[in-house]
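Visitor: Chain residues, written in single-letter form:
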Amino acid sequence: AQSVTQPDIHITVSEGASLELRCNYSYGATPYLFWYVQSPGQGLQLLLKYFSGDTLVQGIKGFEAEFKRSQSSFNLRKPSVHWSDAAEYFCAVGARGSNYQLIWGAGTKLIIKP
Amino acid sequence: DAGVIQSPRHEVTEMGQEVTLRCKPISGHNSLFWYRQTMMRGLELLIYFNNNVPIDDSGMPEDRFSAKMPNASFSTLKIQPSEPRDSAVYFCASSPRVGLAGGPPEQFFGPGTRLTVL
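Taken in order, these protein sequences are the chains called V and S.
Its first residue numbered 52, the first sequence is counted upward by one per residue in the working numbering.
Its first residue numbered 32, the second sequence is counted upward by one per residue in the working numbering.
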């Protein structure tokens with residue numbers, strides 16, 4: 052069965068520091084991979100997605116993620132965080148052949164220290 | 032584009048009352064999703080519609096929950112009777128018919144309805 056694990060419930064980083072949020076998935080083939088962000092009181096917004104091709108994908112707001120098949124990972128990174136990046140981040144996996152089903156991670160809450 | 036519109040944004044009700052949550056998807060989108068988000072259970076898919084037809088309602092917790100999509104621009108999620116454990120944020124999301132390379136398309140989320148059942 053497909054599953055998504057975000058091992059960190061909370062992460063605290065200083066403003067201006069680099070960020071890496073972890074996402075591991077379990078799936079028998081190459082999945083479709085997504086990162087969404089949820090700002091306080093808001094719905095989820097797509098940051099980036101990976102379907103195929105270049106394993107390093109660029110997203111909005113200066114985020115990027117790298118698909119590593121050997122590690123079953125799709126970690127989200129940003130070189131320098133801003134206070135406005137404080138939010139909850141969700142990794143999701145979609146199955147090939149499915150036109151709707153996404154398996155969601157539990158989310159990682161990012162806290163920014165001034 | 033106004034995005035996905037949900038109403039009300041906040042709802043406080045008493046146990047046993049009927050609650051109706053409303054959603055207007057993005058025009059032209061073919062799929063609509065209702066999710067529930069709680070601290071304990073995270074984000075749960077309740078039901079998925081494609082072209083106004085319910086495709087998968089396996090996430091609907093029990094018979095007290097029902098969802099309808101009478102046309103392409105409107106959907107409701109109803110809880111009757113409501114219970115305190117239904118307190119959560121309920122999201123509606125919509126997506127176009129297909130995504131790139133045949134995979135799941137991007138889902139566009141509304142701002143959510145925060146439901147509190149006393």
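No lab work stands behind these hints: they were computed from the structure.
Certain hints may be false.
Simulated coverage check for chain S against chain V, where a stretch passes if three residues somewhere in it have a Cβ under 8 Å from a Cβ of chain V [as the list claims (entries may be wrong)]: (1) 47-60; (2) 73-83; (3) 140-146.
Counterexamples of contact, computed for chain S against chain V with all Cβ distances above 10 Å [said to hold, decoys possible]: (4) Ala33; (5) Val43; (6) Thr44; (7) Phe96; (8) Asn102; (9) Ala103; (10) Lys109; (11) Pro112; (12) Pro135; (13) Glu137.
Cβ atoms here follow ideal geometry from the backbone N, Cα and C, with glycine treated the same way.
Visitor: All the hints need checking, so say for each whether the structure fits it.
Guide: Hints and how they fare:
1. 47-60: Violated, because only 0 residues of the segment 47-60 of chain S bring their Cβ atoms closer than 8 Å to Cβ atoms of chain V.
2. 73-83: With 5 residues closer than 8 Å to chain V, the segment 73-83 of chain S meets the three-residue bar; holds.
3. 140-146: holds (count 4)
4. Ala33: 13 Å, holds
5. Val43: Consistent with the label, valine 43/S stays out of reach of chain V, its closest Cβ about 16 Å off (over 10 Å).
6. Thr44: Holds, because the least Cβ-Cβ distance between threonine 44/S and chain V comes to about 20 Å, which exceeds 10 Å.
7. Phe96: 19 Å, holds
8. Asn102: 19 Å, holds
9. Ala103: At about 16 Å from chain V, alanine 103/S clears the 10 Å cut-off, so the statement holds.
10. Lys109: 21 Å, holds
11. Pro112: Non-interface label on proline 112/S holds, nearest chain V Cβ at 27 Å vs cutoff 10 Å.
12. Pro135: Non-interface label fails for proline 135/S: nearest chain V Cβ at 4 Å, not farther than 10 Å.
13. Glu137: Its Cβ does come within 10 Å of chain V, the nearest being 5 Å, so this is violated.
Of the numbered hints given earlier, the model fails hints 1, 12 and 13; all others are met.
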